[in-house]
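Q: Listed below, chain by chain, are the residues.
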Amino acid sequence: MEGKEIICVSCPKGCRITVQNRGEEIISITGNDCPRGIKYAEEEFVNSLRILPTTVKVIGGELPLVSVKTEKAIPKRLLLEAMVEIAEIEVKAPVKIGQIIKDDLMGTGVSLVATRNIKRADSNQHS
Amino acid sequence: MKLEYDLVIIGGGPAGLAVALEARRNTVKDILLLERDKYLGGILPQCIHNGFGVQYFKEELTGPEYAERFIDQLNHDNPNKVDIKTETMVIKITTNKGIIAINRDDGLLHIQAKAVVLAMGCRERTREAIAIPGDRPAGIFTAGTAQRYINIEGYIPGREVVVLGSGDIGMIMARRMTLEGARVKAVLEIMPFSTGLIRNKVQCLDDFNIPLKFNHTITRIEGEKRVERVTVAQVDKNLQAIPGTEEEISCDTILLSVGLIPENELTREAGIKLDPVTRGPIVNESRETEIEGIFACGNVLHVHDLADFVTEEGEIVGSAVSEYLKRNRKFRSQPIKIVPGDNIAYVVPQHIDFIVPGRKKIKIFMRVKKPAEKVSITFKDDKGDMLASYKKAIVTPGEMVSVYLPEVLLGDRSKNITVSIEEENKE
Chain A
1 MEGKEIICVS CPKGCRITVQ NRGEEIISIT GNDCPRGIKY AEEEFVNSLR
51 ILPTTVKVIG GELPLVSVKT EKAIPKRLLL EAMVEIAEIE VKAPVKIGQI
101 IKDDLMGTGV SLVATRNIKR ADSNQHS
Chain B
1 MKLEYDLVII GGGPAGLAVA LEARRNTVKD ILLLERDKYL GGILPQCIHN
51 GFGVQYFKEE LTGPEYAERF IDQLNHDNPN KVDIKTETMV IKITTNKGII
101 AINRDDGLLH IQAKAVVLAM GCRERTREAI AIPGDRPAGI FTAGTAQRYI
151 NIEGYIPGRE VVVLGSGDIG MIMARRMTLE GARVKAVLEI MPFSTGLIRN
201 KVQCLDDFNI PLKFNHTITR IEGEKRVERV TVAQVDKNLQ AIPGTEEEIS
251 CDTILLSVGL IPENELTREA GIKLDPVTRG PIVNESRETE IEGIFACGNV
301 LHVHDLADFV TEEGEIVGSA VSEYLKRNRK FRSQPIKIVP GDNIAYVVPQ
351 HIDFIVPGRK KIKIFMRVKK PAEKVSITFK DDKGDMLASY KKAIVTPGEM
401 VSVYLPEVLL GDRSKNITVS IEEENKE
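Going down the list, the protein sequences come from chains A and B.
Sequential numbering from 1 applies to the first sequence in our numbering.
Sequential numbering from 1 applies to the second sequence in our numbering.
Chain A extracted, bound-state conformation:
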């Protein structure tokens, strides 16, 4: 039998929860002070997912970068590799909030989307 320790983030208490497992099968969950801990520990144990917020280079924009995020959470273990792939991307201004910057990031089926508007450098409009 193996074990994994998970800190619950459902409330400020931060219970240290131990998940005992055999391979992918959960044998027991202990250390949680409330039922929310069980749900959280199960989800974290089965597949730890995170939204990845970062930036992408903009060509001809009034700012050099646009902030982006993965539209949905992706597996935690892919975060650093995804950063390498995202570092290669350039996007032309203007950029609209919600615009898809890259489809199917790392084969996850999740797209990378812009989280703000970036105007062209020559645009005179006020924000």
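Careful, some of the hints might be misleading.
Said to hold, decoys possible - To spell it out: a stretch of chain B is covered by chain A in this simulated footprint if at least three of its residues, at any positions, have a beta carbon under 8 Å from a beta carbon of chain A; those stretches are: (1) 150-164; (2) 201-212; (3) 347-357.
To be clear, the hints were calculated from the coordinates, so they are not data collected in a lab.
Think of the CB as a built atom: it goes at the ideal place given N, C-alpha and C, for glycine as much as any other residue.
Following the hints, position chain B against chain A.
A: Okay, now just chain B, sitting in the frame of chain A:
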């Protein structure tokens, strides 16, 4: 240009935006929003991480997205236009609600308002504020400055990083720098607990195996031109370095996340009284300062953990301004002071001034001094009689606590209501 307004809001961050929208919703017509930066949104555009809006929109957004929701409404939703002046710096406000501001297009502006809202936010404490001994090389940044370099301007401030302070911005920047290829060697926290949210500890530090050292601080910075190393030591109960525990960590960058200070220079100059703990103005339940018609909300009033709570406070002010302008208000015969008792660092509002027909309850915000579990938040009157008590599983200084105080409890008998944290199993 128009120089007379019903409402002038100083600051276009989440607080100012919420005030503008809520005041307009409450039929305040003549509104001017002044912002010193080129864009609205305050600090939000550089907070590219997710976690915003969970309370307010019931969905998880990034900082720029959260800001855009409000900016978009301000620009489009309503024929009643709010005047916005960006790149405009307010240099003085007066007790009779005059505002002196400057910008490149208009030069010096003398604006007269019927109501003023202070929404200037806060700024970070620096190395100087905490007096770390040693050399004065390049490579020492506040976490927010580093955040702006990385997320807005596209520079990485360094490669080998030590973060001082486990506040949320410090932890978020530890992750951000790691993702951008830097190595974060440690996050040091002088207190025995984190002042940030538990979620940030897990998702920013634990996820990337970044060590968080409690009861530790930097005792010396060394480096000729650039930071080369820091000396780190464990501290005792009085936060003094324990001799013999020192260790050196080589690094080229130090990020400081050692607290935020409400930016109240304008407030102070106007002669408005500040609370020594919050470092923001003392306010009533309308978030009105001791000068009638001058209100304050957001981080200029007290430092909030979540932008969502700032929005909520901005909305309180937006509707209160409307009541003020309509001359609709009825004062109590005497204000009730809300006094911080055991393990309460501060409360907002600090006093309750009005009789409001139909009001059922008043939300009281507070921050505790130290973590405690299985507690009761108690409200007691002048005689020490219990008015109300609320159980709470856990309170920590990192998470603001709020409770509703029922209106019926206020009565007219008490001048003060003391709020305390009482631990149940206290021996």
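Q: Each hint needs a verdict: does it hold in this structure or not?
A: Outcome of the hint check:
no.: 1; hint: 150-164; verdict: holds (count 5)
no.: 2; hint: 201-212; verdict: holds (count 5)
no.: 3; hint: 347-357; verdict: violated (count 0)
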